[in-house]
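All chains should be built: construct the whole structure from the sequences, respecting the hints.
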Amino acid sequence: MQHTLSLIVENKPGVLARIAGLFSRRGYNIESLAVNTTETPNLSRITLVVNGDEKVLEQITKQAYKLIEVIKVNDFTGVPVVERELALIRVKSDASTRRAIIDLVEIFRASIVDVSDKDLIIEVTGDSEKIDAFKKNLEPYGIKEMVRTGKIVMERGLKL
Amino acid sequence: MQMTVAEAIIKYMQEEEGVEILFGYPGGAVIGFYDALYNSTLKHVLVRHEQGAAHAADGYARSTGKVGVCVATSGPGATNLVTGIATAYMDSTPIIAITGQVRTSAIGKDSFQEVDTRGITMPITKHNYLLKDPGEALRIFKEAFYIAKTGRKGPVLIDIPADVFSAKIEYIVPAKVELLGYRPNYEPHPLQLRKAVQLIKESERPIILAGGGVIASDASAELIKFAEKINTPVVTTLMGKGSIPEDHDLCCGFIGMHGAAYANYAINESDLIIAIGVRFSDRSTGKVETFAPGAKIIHIDIDPAEIGKNVSVDIPIVADAKRALEKLYEMVEPKHNPIWWEKIKEWKAKYPLRYRWDDDEIVPQYVIEKIYEKTKGEAIVVTEVGQNQMWAAQFYKVKRPRQFITSGGLGTMGFGFPASIGAKIGNKDKIVIDIAGDGSIQMNIQELATASAEKLPVKIFVLNNSCLGMVRQWQELFYGKRYACTLLDVAPDFEKLADAYGAYGRRVTKIDELEDAIEWALNINDAPVIVDIKVKREANVFPMIPAGGSIDKMMID
Ligand SMILES: Cc1ncc(C[n+]2csc(CCOP(=O)(O)OP(=O)(O)O)c2C)c(N)n1
Ligand SMILES: [Mg+2]
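Respectively, the protein sequence lines represent chains Y and E.
Numbers given in the working numbering equal positions in the first sequence, counted from 1, plus 408.
Numbers given in the working numbering equal positions in the second sequence, counted from 1, plus 389.
Just so you know, these hints were derived from the structure itself, not from any lab.
Keep in mind the model is a prediction, meaning the values are calculated, not measured.
Where a beta carbon is used, it is the ideal one built from N, C-alpha and C, also for glycine.
Heads up, none of these hints are tricks.
Here are the computed lysine-lysine pairs in the BS3-like style, where the Cα-Cα straight-line distance is at most 27 Å:
| hint | chain 1 | residue 1 | chain 2 | residue 2 |
| --- | --- | --- | --- | --- |
| 1 | Y | K480 | E | K531 |
| 2 | Y | K470 | E | K698 |
| 3 | Y | K463 | E | K698 |
| 4 | Y | K420 | E | K538 |
| 5 | E | K455 | E | K819 |
Calculated Cβ distances over 12 Å to all of chain Y for the following chain E residues:
| hint | residue |
| --- | --- |
| 6 | G454 |
| 7 | L580 |
| 8 | E715 |
| 9 | G766 |
| 10 | A873 |
| 11 | F931 |
Far from chain E, some chain Y residues (derived; all Cβ distances over 12 Å):
| hint | residue |
| --- | --- |
| 12 | L413 |
| 13 | S414 |
| 14 | N437 |
| 15 | A442 |
| 16 | S519 |
| 17 | I520 |
| 18 | D535 |
| 19 | E537 |
| 20 | K538 |
| 21 | E547 |
| 22 | G558 |
| 23 | V561 |
| 24 | E563 |
Here it is in structure tokens:
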């Protein structure tokens, strides 16, 4: 099962190496990773998607807590969250296909951020499924390149 | 007051942390540190290999309960410490490793003697630092010592570039340590304690499993009081040896691959394991799926990550062993468990630790018994790794915590002798012996020079079976007696070797020379001694539960 973990860490040199090292050493695979600053200076947030059952997750969480620079570990599994990824996709396009691609971009509320006579760069944000679906729809036109960020999540304010 | 970083950290270690001794080896990147040491009152022991420094600091820490400190230069100096740091990490001993690094401006350029020491030691330290900003030196030192000696103890490394040692700073020690992500929990949760007490009350076949954590938390007295109140047998792990006197009525020896049969039977047939400061390592449990199948488990440990890691636990208690045991002692009602004790006494009578006698050759177990006798069970026993280690554990019954010192988790050959140097320095009034193998002793033999220079009368007893006995035993039992690369037919003359290093040496080949040689060694006070005892090559360690096996696979002898 996939789990999304969010780690609040002290923003010290080497902290990412420590976390990556811990995961590889203990055999936990990182599916997705996003690292950035937070609203608090000196603190960073690391959002990780990992695979494993409850027992594995419990161990990952505890092992992560053992790192001196890890302050908080949140498991967002089953918690209502807003989740986002961002992708930049370079797709082949000429006059004959441009209109159809623009239609897709509108349907997915993506946007075209660069145009040339041979291709377009499209920016799309959303959860993983949406980005996967968008990519699938573009495939027939020929995807030349794709860059995708790790997932970031935020807990929803209203608890149902 | 202005001073260099080197001066400041020496002052800090002496005045604030009570450090009395460093074990180290100089080099280009730490020359500034050694220069500050030149005018200092802090004692430094010059080892002959950095691995020896780490093990000596470790042996000092294990035998005294204080923090051990070792020092090495950058590059090869730091990498030579690695085995010693990993050894300390696996057994949770508090040491500080100070390493030199290339100048700040040279970092990252594959400079002479540059390695990424912080990167290399990340997975084998509790925490580590690269001290780049001289102004951070005292904060980092304070944190490092705090981290090493609190919570689950462990090694902390501080890597210091050469130019930082000589940078000038103001000597201001931060008032307190502020670590947002490090708050070890010492107090047991009252609700969990109540649940534990209930389980104890209901159990018919309870057993206490005491590990190294009991010793680390100085909880031996509390353990004994608690065990006596509920009249419950105590088994230990290898690391827990000494947490209860082994001649105590409640003590049932140590469990695991080479533990006493009665200890393994007792834990496997129990209906409740009260595990304190253990990590259920594979060498202790054998096959986890079949370990103590009928037992509920109460697991007390300071490290939450140990709970549920290897075995499923019924009552987790994250706490310091001492405090948890104090509380449990107050809360439990006395118990007697007479039927259970019948059973245990039966096992003890039926399966005592024993060995096969040989009329022609000296048997190693007998040697340990004799050393035990001659030292009246009072010596600090340090071991190497292999059969020698297991025979020492089986046949030297210790009386107190910190009396049995062994590399349990990493199983580091070459640990024993330098660790015994550290132990002797920390325990001048006690006899310190190293039970060694002919293989292991050669891994850090150069430390004879250190022990001679320091006039340390550490007593090395080599159980010389002319082979890498433990591996040979596996080959005999599981690999059709194909002794690939385990027979040490060419060995040094240990008598001459001792002599060459300014130590005393003596060889024992006949059983009637043994007692005399032991007494002779014990009476030497001014230099290290090696007693090279030729023992039977084919002697094996039994009982044995093969790796990953269950108790029904136990070979008694
Ligand atoms: C540094 C290191 N290398 C290899 C091993 C694997 N090993 C474990 S026991 C052993 C044999 C040790 O031989 P010796 O010191 O003579 O002890 P004996 O078993 O004969 O008593 C070996 C090679 C080890 N534990 N540590
Ligand atoms: Mg040997």
